[in-house]
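All chains should be modelled from the sequences, with the hints used to inform the complete structure.
Residues per chain, in single letters:
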Amino acid sequence: MKRIKEAWPAIALIAVLIAIWWLTVHLTHSLIFPTPWGVVTGTWELLRNGTLWEHIGASLMRVGAGFGLAVCLAVPLGLWMGWVSGAYRTLNPLFQILRPISPIAWIPIAILWFGVGDASPIYLIFISSVFPMIVQTTVGVHTIEKRYLRAAENFGVSRGTLFKQVVIPAVLPQVLVGMRIGLGVAWLVVVAAEMIALHSGLGYMIMDSRNAGNRYDLVVAGMIIIGLIGLSLDTIMRLLEGVRWIRWRYAH
Amino acid sequence: MRTKIEVRGLKKSFQSDKGPLPVVDDVSFTVGDGEFVAVVGPSGCGKTTLMNMMAGFVRPDSGAVLIDGAPRSKPNAKGILISQQGSVFPWLTVRENLMFGLNGHAGDDRMAVADHYADIVGLKGFEDSFPHELSGGMLKRTELARALAVKPEILYMDEPFSALDALMSLRMRTELLRILAEERHTTLLITHDVEEAIHLADRVVVLSPRPTRIQAVYEVPIAHPRKISSRAAQELRVTILRELGVEREVPV
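Top to bottom, those sequences are chains A and B. All residue numbers for the first sequence refer to our numbering, where the first residue is 11 and numbers rise by one. All residue numbers for the second sequence refer to our numbering, where the first residue is 4 and numbers rise by one.
It is worth saying that the hints were derived from the structure and are not from the lab. For clarity, every value in this text was computed on a predicted model and none was experimentally measured. Possibly wrong hints are sitting among the right ones.
[Claimed, not checked] Label pairs and their computed distance ranges (CB to CB):
| hint | chain 1 | residue 1 | chain 2 | residue 2 | range |
| --- | --- | --- | --- | --- | --- |
| 1 | B | Phe17 | A | Ala97 | 26 to 36 Å |
| 2 | B | Gln237 | A | Arg248 | 54 to 64 Å |
| 3 | A | Arg248 | B | Met4 | 54 to 64 Å |
| 4 | A | Leu104 | B | Phe17 | 31 to 41 Å |
[Claimed, not checked] Over 10 Å on every C-beta distance to chain B, these chain A residues come out as not near it, computed from the model:
| hint | residue |
| --- | --- |
| 5 | Lys15 |
| 6 | Pro44 |
| 7 | Cys82 |
| 8 | Trp93 |
| 9 | Gly125 |
| 10 | Met247 |
C-beta: ideal position from N, C-alpha, C; glycine also.
Encoded structure:
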């Protein structure tokens with residue numbers, strides 16, 4: 011009940027925007043831009059013939075692969091860079107140069123190296139999500155409160171215990187922040203990557219709908235679906251905040 | 004009484020913008036085995052730096068700290084530091100915190116030791132709680148129990164109760180005395196609270212303002228349980244406050 015109460019202004023705003031959208035299309039007699047109802051019927055059409063699920067599956071698979079690879083590399087590398095100052099001094103400047111390069115700028119090189127199959131978008135997703143996660147993990151190590159490290163030093167625990175019981179749990183909340191950023195970027199990038207020379211995925215679906223007969227109802231449907239899936243992915247990541255190694259950070 | 008700690012000519016300066024800032028200037032004293040020594044001094048005088056050198060966290064510029072006649076240069080589990088801010092790990096339960104320093108024991112054994120000390124400090128029933136579920140006083144108990152569990156020879160306490168309210172601070176003092184009556188540890192207490200020092204310590208070392216030296220040493224020849232309101236305690240309190248240069252502010 012409380013949730014409904016809190017959500018109603020947002021729902022009302024969206025309803026108002028949809029109403030304005032509908033009204034504007036009607037008043038301008040646009041032949042190309044769809045009405046909200048047109049988008050609903052378009053979505054239904056995609057659902058019925060099964061192509062929507064294929065495109066969603068293809069996009070999620072690419073994000074899963076690229077993002078998964080990025081996590082596997084970024085977390086250990088970030089921990090290492092945070093812990094060993096020599097590694098930080100060596101790698102951080104390079105990463106700070108690579109990080110602001112838009113993943114879109116990587117597209118030509120991705121095609122050159124990986125061709126036009128699945129490997130290109132996976133590489134683009136990897137390259138776009140790996141840096142935020144490295145940075146956040148490193149920051150996480152650097153911001154471990156000194157008093158905890160001192161306590162560990164005082165009790166003279168082994169390196170294994172130090173890592174397992176102090177460093178990792180202290181850093182995990184920051185890692186999760188990095189993963190949320192990384193996954194958000196990955197989802198942004200997959201759509202852009204699929205607009206190039208691929209034949210599946212939500213990005214392809216949008217471009218294909220436009221190219222094959224100005225089906226703007228399907229374009230808008232695709233955009234809304236992308237937004238909703240992006241929101242769901244972040245919601246799933248936020249559920250991880252409840253995991254016990256992370257929960258301490260948010261429990262106050 | 005056998006000498007447990009010998010502090011010999013400790014000096015320490017820190018680098019500041021205006022050149023070296025001497026903080027501790029030639030401090031020497033000894034602490035007997037099982038003795039409780041309180042160190043009082045004006046705030047910012049270098050008490051904490053002195054304690055950090057004694058516990059091995061900070062290297063002195065010159066001088067040495069000898070434990071049982073052997074020089075101490077690094078922290079170890081034979082002397083546990085309890086600081087004002089506390090260092091109970093927020094991501095571990097009370098029991099896991101207490102088990103943290105118990106490396107050498109077998110699994111079941113560690114748990115038994117942890118639960119024993121939880122009981123001693125009055126945390127029975129809270130073994131599975133997380134720190135954020137505890138009050139400030141209970142956190143201090145957890146910290147104390149974690150230190151006691153490794154059976155340290157020396158307890159270094161740096162303003163351990165000053166973040167607590169007056170009532171809880173008083174209760175913690177009484178608890179500490181009760182515990183120390185059961186398990187005698189050599190204890191070094193740094194405090195700005197003269198009353199606390201007189202309540203707890205066998206001897207009170209008064210430090211000068213920065214760069215700090217030993218200004219005076221007082222025995223506390225009052226048998227436990229002590230009454231702070233007793234004539235002897237009050238007279239000693241006034242004497243020490245006078246030594247600290249605040250006699251005019253002392254309410255009689």
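For each hint, the structure was consulted:
Separated by about 29 Å at the C-beta atoms, Phe17 (chain B) and Ala97 (chain A) satisfy the suggested range of 26 to 36 Å. Hint check: Gln237 (chain B) to Arg248 (chain A), Cβ distance near 58 Å, so the stated range 54 to 64 Å holds. Between Arg248 (chain A) and Met4 (chain B) the CB atoms are about 59 Å apart, so this pair conforms to the stated range of 54 to 64 Å. Roughly 35 Å separates the CB atoms of Leu104 (chain A) and Phe17 (chain B), a value that falls within the hinted 31 to 41 Å.
With a closest Cβ-Cβ approach of about 28 Å to chain B, Lys15 (chain A) is found to remain outside the 10 Å limit, as its non-interface label requires. No beta-carbon of chain B comes within 10 Å of the beta-carbon of Pro44 (chain A); the shortest separation is about 51 Å. Non-interface call for Cys82 (chain A) relative to chain B: holds, since the shortest CB-CB distance, roughly 23 Å, exceeds 10 Å. Separation of Trp93 (chain A) from chain B is adequate, the least Cβ-Cβ distance of about 18 Å exceeding the 10 Å criterion.
At the 10 Å boundary, the C-beta of Gly125 (chain A) stays outside the reach of chain B, the nearest C-beta of that chain being 45 Å off. No Cβ of chain B comes within 10 Å of the Cβ of Met247 (chain A); the nearest lies about 19 Å off, and the non-interface call holds.
Of the hints listed earlier, there is not a single one the structure fails to meet.
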